[in-house]
Every structure is written in C-alpha cells, then in structure tokens.
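Student: Chain by chain, the residues run as shown.
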Amino acid sequence: MLIDSISKALAPLNLEAVASGDYAKTGYHLEVTALPEQLPAIAQALLQENCFLASFTAVHTGPETFTLVYHFASFDELCRTAVHATLPKGAEAPTISHIYGGADWYEREVYDLYGIRFAGHPNLKRLLLPEDADFHPLLKEFAATAETEK
Amino acid sequence: MITSGIEEKTFALNLGPQHPSTHGVLRVLLEMDGEYIVKAEPVIGYGHRGHEHMAENRNYQQFLPNMGRVDYLHALAFNQGYCMAVEKLIGVTVPERAEFIRVILNEMNRLTSHLLWVGAYLMDLGAFTPFLYCFDDRERLLDLLDRITGSRLTYCFFRFGGVPVDLDDEFIFGTRAFIKRLRSRWVDYDNLVTKNVIFINRARDVGIITREMAVQYGVTGPTLRGSGIPYDIRKSEPYSAYPLFDFEIPVGENGDILDRYVVRMREMEQSLRIIEQALDKLPNGPIMAEKVPKRLKPAAGEVYQAVETARGEFGCYVVSQGDIKPYRIKLRVPSFSNLSILPEILKDTLVADAVAILGSIDVVIPEIDR
Numbered sequence: 001m002l003i004d005s006i007s008k009a010l011a012p013l014n015l016e017a018v019a020s021g022d023y024a025k026t027g028y029h030l031e032v033t034a035l036p037e038q039l040p041a042i043a044q045a046l047l048q049e050n051c052f053l054a055s056f057t058a059v060h061t062g063p064e065t066f067t068l069v070y071h072f073a074s075f076d077e078l079c080r081t082a083v084h085a086t087l088p089k090g091a092e093a094p095t096i097s098h099i100y101g102g103a104d105w106y107e108r109e110v111y112d113l114y115g116i117r118f119a120g121h122p123n124l125k126r127l128l129l130p131e132d133a134d135f136h137p138l139l140k141e142f143a144a145t146a147e148t149e150k
Numbered sequence: 001m002i003t004s005g006i007e008e009k010t011f012a013l014n015l016g017p018q019h020p021s022t023h024g025v026l027r028v029l030l031e032m033d034g035e036y037i038v039k040a041e042p043v044i045g046y047g048h049r050g051h052e053h054m055a056e057n058r059n060y061q062q063f064l065p066n067m068g069r070v071d072y073l074h075a076l077a078f079n080q081g082y083c084m085a086v087e088k089l090i091g092v093t094v095p096e097r098a099e100f101i102r103v104i105l106n107e108m109n110r111l112t113s114h115l116l117w118v119g120a121y122l123m124d125l126g127a128f129t130p131f132l133y134c135f136d137d138r139e140r141l142l143d144l145l146d147r148i149t150g151s152r153l154t155y156c157f158f159r160f161g162g163v164p165v166d167l168d169d170e171f172i173f174g175t176r177a178f179i180k181r182l183r184s185r186w187v188d189y190d191n192l193v194t195k196n197v198i199f200i201n202r203a204r205d206v207g208i209i210t211r212e213m214a215v216q217y218g219v220t221g222p223t224l225r226g227s228g229i230p231y232d233i234r235k236s237e238p239y240s241a242y243p244l245f246d247f248e249i250p251v252g253e254n255g256d257i258l259d260r261y262v263v264r265m266r267e268m269e270q271s272l273r274i275i276e277q278a279l280d281k282l283p284n285g286p287i288m289a290e291k292v293p294k295r296l297k298p299a300a301g302e303v304y305q306a307v308e309t310a311r312g313e314f315g316c317y318v319v320s321q322g323d324i325k326p327y328r329i330k331l332r333v334p335s336f337s338n339l340s341i342l343p344e345i346l347k348d349t350l351v352a353d354a355v356a357i358l359g360s361i362d363v364v365i366p367e368i369d370r
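Chains as they are written, first to last, in our numbering: chain A, 1 to 150; chain B, 1 to 370.
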C-alpha cells in the first residue's frame with residue numbers, strides 16, 4: 001500500500017504529525033503537518049515514492065501567519081497526501097522547485113498572490129498579475145471590492 | 001530590447017500574446033538559435049480575473065457562476081467539482097437520478113470540448129476541412145445541452161444537492177440519435193485524419209512527454225495518458241455515478257502528438273458509451289436532495305475534491321471557517337500544470353513544431369489565468 005510506504009518514508013524526518021485522514025470528509029488519505037524547513041525533505045521523499053505535486057497554495061490563516069498547503073497524489077495508486085506547514089508572516093519558505101519542476105510556477109503564484117518569498121527559487125517573479133503590481137491580492141487585509149453580502 | 005540575458009548569437013521571438021494558435025492570450029518568449037528553440041518561457045496572466053479572490057467575498061451560491069468561466073470549454077466538470085466539494089463540506093448526498101444527469105451532461109460537455117480541440121488543432125496544423133466536420137457535430141450537442149441547461153458555453157447548471165431541471169423525452173431521444181450519428185462519423189474522421197499519412201508523419205515523434213516529466217510537473221488528462229499512464233480520476237478515484245458504468249481508459253505508447261490525438265479520439269467513443277449506459281439505466285426519483293439549507297454555513301474545515309475534466313485533474317480546495325463565505329478557494333486547474341511542462345518539451349525543437357506541440361497539450365488560457 002502506498003500510504004504505508006509514504007508513512008514509512010516520512011517517519012525518519014521527525015515531523016510534527018503524520019496521520020491518516022478522513023477521506024470521505026476531506027479527500028485526504030494522509031495528512032502531514034511539518035515545519036517549513038522540513039518541506040524539501042518531504043518533497044524528496046514523496047518524489048521517491050513516485051507521487052506528483054497536484055497543487056500547492058497558501059492560506060492566510062491569521063493576521064501574522066500563513067499555512068502552506070501541498071497536495072500530492074500518485075498516478076499508480078489512489079493516495080492523496082496533504083502537507084500543511086505554518087509560516088510566520090515575513091518569513092521565507094524554502095523552495096521545492098529543484099525537486100518538483102512543477103512547483104516553480106506554483107511558488108511564483110503564491111509569491112504573486114501572497115507576497116511569500118521562497119528561498120532558492122531561481123526565478124521568483126510575478127506570474128499572474130502585471131509585473132508592476134504593488135499589492136498581493138489574497139492577503140486578507142487587501143480589499144478590492146465592496147462586501148457583497150451584509 | 002525584450003529581455004536581458006540573451007546572447008548575441010541567439011535572438012528573441014515572441015509567440016503571442018495575439019496569435020491565432022495560442023487559443024487565448026498566451027505569450028511564449030522563445031530564445032532562438034536559427035530555426036531551433038534554445039529556451040521557451042510561457043508568459044501567462046493576461047486573462048487573470050481574480051476568481052480566487054472573488055470567492056472570498058461572496059457566499060457559496062454566488063460563486064457558482066464563476067465556475068463556468070474558468071474552463072469555458074468543459075464548464076460542467078468545474079460545476080461538478082465545486083458542487084461536490086461544497087456538498088462534502090455541508091454533508092449533503094446527491095440523489096441517484098441527479099448523479100446520472102450530471103454524468104450524462106458532463107460527458108456531453110467533454111465531447112464538445114474534444115470536438116472543438118480536434119477541429120481547432122488540425123486547423124493549427126493547416127487542415128481546414130476537419131474543423132467543419134467537428135463544428136457540425138458539436139453544434140448538435142450544444143443544442144441538446146442548451147435545451148436542458150439554458151446556455152451553450154458558460155454553463156452554471158449543477159446545484160448543491162443535485163440539478164435544477166430534469167431531462168425530458170425530447171432530450172433523451174435527441175441524445176440517442178446523436179450517439180448514433182457521431183458513431184457513423186468515426187469512419188469519416190479516420191479517413192480524413194487518423195489514417196492520413198500527412199498528419200501521421202507530421203505528428204509522430206514530436207513533442208514527447210515522458211513519465212518522469214509528467215511526475216515532475218503533475219501533468220494529467222489526455223496529455224498524460226498519451227504517454228501510456230492510465231491515470232483518469234473517473235476510474236482511479238471514482239466519483240458521482242461513474243463506478244456504475246463500463247468504460248475504458250485509452251492510453252498511448254510514445255507520448256508524442258499523435259498519441260495525444262488518438263487518445264482524445266478514442267476517449268470520445270468512451271464518452272458515448274457512458275452516456276448510452278446512463279440513459280439506459282437512468283433511475284427514477286428526485287433530482288434535488290431534500291433539506292439543502294438556503295443559507296450555507298459549513299462548519300470549519302477543508303476539503304480537496306478532484307474531478308476529471310477534458311484536460312485533466314481539476315482540484316477544488318475549499319477552506320471554511322464557519323462563515324457564509326468561503327475562507328479560501330484554490331482552483332487546481334489542469335492546463336496550468338500541463339502548460340508548465342512546455343519549456344521542457346519545446347527545448348531543442350524546430351520553431352515550426354512549437355505551435356503543433358503547444359496545441360497538442362490542449363490548454364485553455366482563461367483556466368490557467370483564473
């Protein structure tokens with residue numbers, strides 16, 4: 001089972017939590033909580049297990065914190081792994097673009113929308129917004145439109 | 001000066017942003033050495049509308065119409081992905097008849113998307129006639145979909161808990177007639193294109209995607225299956241009514257343009273099979289779940305729901321903090337990952353192949369830009 005071999009591969013990394021998820025409720029088979037600096041090692045382990053990076057994004061969870069959310073899946077066997085890492089505002093996250101080529105654009109997108117910088121990213125510039133934009137639209141303090149529902 | 005860092009012996013060439021074969025506003029910055037591409041860099045974002053930001057300042061129902069405008073060619077799959085994610089959050093079960101209707105309409109929408117791709121792609125390669133055949137067939141599908149959903153392109157039809165309108169006899173009759181018609185057309189498509197030696201020689205061994213590249217970049221959909229990997233979420237992570245139907249996942253061998261074309265053609269026949277079975281087995285019953293609250297206020301939590309669109313895995317990641325508005329919605333769109341592989345496969349190819357390769361991965365630009 002892929003879920004077992006992933007758990008085994010992640011075990012030596014000394015992560016905060018590696019637990020099986022409630023698939024019917026969240027769509028995850030495995031939920032991992034880690035520190036940002038452990039992310040490259042996790043990505044490396046998941047690449048060894050032939051998983052691909054399905055998606056990566058951030059959530060502005062608190063005024064001073066972000067949660068980085070990585071979704072991994074596999075072409076061979078159904079096992080969706082979610083990796084969560086909390087990052088304080090202003091801190092840099094490590095890049096995993098040298099491990100997963102696809103992470104290059106995802107990290108640029110997160111930088112674009114949230115202003116989170118990725119240490120070691122080869123080409124960290126805006127992806128979706130114009131180069132001269134001076135805002136990061138998915139920060140909770142950014143308000144582009146009036147409230148639609150009172 | 002377009003970009004810095006280009007050596008003197010090479011020159012920069014802009015493909016797009018206004019170019020008929022990019023099918024949207026996409027710019028690819030090519031660094032050329034004579035006729036060969038040294039480096040390709042896609043520049044995206046021209047169609048960025050901020051869907052994910054919009055999601056955060058409206059309630060769950062108000063975000064539904066946005067789903068038809070992300071991937072306008074397979075809008076119903078996006079409808080379904082988002083509806084299923086929210087249904088999971090609020091714990092609503094969709095009645096069986098509604099699931100069947102969703103599958104039927106979804107597969108018809110997949111057919112319209114593939115037909116458009118076949119026509120438009122072959123036109124990119126210089127063949128005009130197939131385009132007319134494809135649009136003739138596609139038009140009939142659009143009429144049928146229009147009859148039920150009320151729109152031809154940017155569908156906003158599925159609701160949390162089911163569908164709002166039931167299928168009628170005329171639709172069922174028309175769809176059966178269409179299945180028969182499209183099947184009789186495969187011979188024409190085969191003779192015109194699939195067995196056409198000019199097309200085969202143009203497409204063979206060009207733009208090869210390997211398994212390693214696909215894992216690196218998260219390539220999904222027919223673009224992936226052309227490389228021989230049978231990853232289709234309808235089968236590998238069954239959802240809705242798909243487990244009840246018998247269908248195959250066509251795969252290619254070499255991962256070149258020809259394989260991706262053949263996979264899409266064969267997939268259309270599988271879609272017809274699914275629609276046929278669903279019409280045969282269509283159960284009676286309600287089309288909406290009972291007791292779906294008007295004012296949705298899901299408990300705090302998060303969900304990732306993946307569905308198979310015509311281009312690959314659409315993942316709808318919804319975070320709720322117990323409010324009437326979503327706290328965060330991330331749309332994992334297939335074209336985004338599929339396009340990010342472009343620099344890799346365009347490297348060291350002829351510029352004449354650039355358009356052929358770009359078209360073969362079937363990108364929808366508004367989906368990438370969101």
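No wet-lab data here; the hints were simulated from the structure.
Every value quoted in this text rests on a predicted model; they were computed, and no experiment measured them.
A couple of the hints might just be wrong.
What the hints assert, rightly or not - Listed next, with one range per pair, are the computed distances between beta-carbon atoms:
#1 Gly91(B) with Asp132(A): 27 to 33 angstroms
#2 Gly120(A) with Lys195(B): 47 to 53 angstroms
#3 Gly34(B) with Gly120(A): 32 to 38 angstroms
#4 Thr10(B) with Pro122(A): 16 to 22 angstroms
#5 Arg211(B) with Met1(A): 54 to 60 angstroms
#6 Tyr23(A) with Ile324(B): 25 to 31 angstroms
#7 Asn14(A) with Glu212(B): 47 to 53 angstroms
Don't be surprised by glycine CBs; every beta carbon is placed ideally from N, CA and C.
Student: Could you run down the list of hints and mark each one as holding or not?
Tutor: Hint by hint, here is what the structure shows:
1. Gly91(B) with Asp132(A): 27 to 33 angstroms: violated, 45 angstroms
2. Gly120(A) with Lys195(B): 47 to 53 angstroms: holds, 50 angstroms
3. Gly34(B) with Gly120(A): 32 to 38 angstroms: Because 34 angstroms falls inside the window, the suggested range holds.
4. Thr10(B) with Pro122(A): 16 to 22 angstroms: With Cβ atoms ~19 angstroms apart, the hint holds.
5. Arg211(B) with Met1(A): 54 to 60 angstroms: At 21 angstroms between Cβs, range violated.
6. Tyr23(A) with Ile324(B): 25 to 31 angstroms: holds, 27 angstroms
7. Asn14(A) with Glu212(B): 47 to 53 angstroms: For Glu212(B) against Asn14(A), whose Cβ atoms are near 29 angstroms apart, the range 47 to 53 angstroms is violated.
Violated hints, listed in ascending order, are 1, 5 and 7; each of the other numbered hints is respected by the structure.
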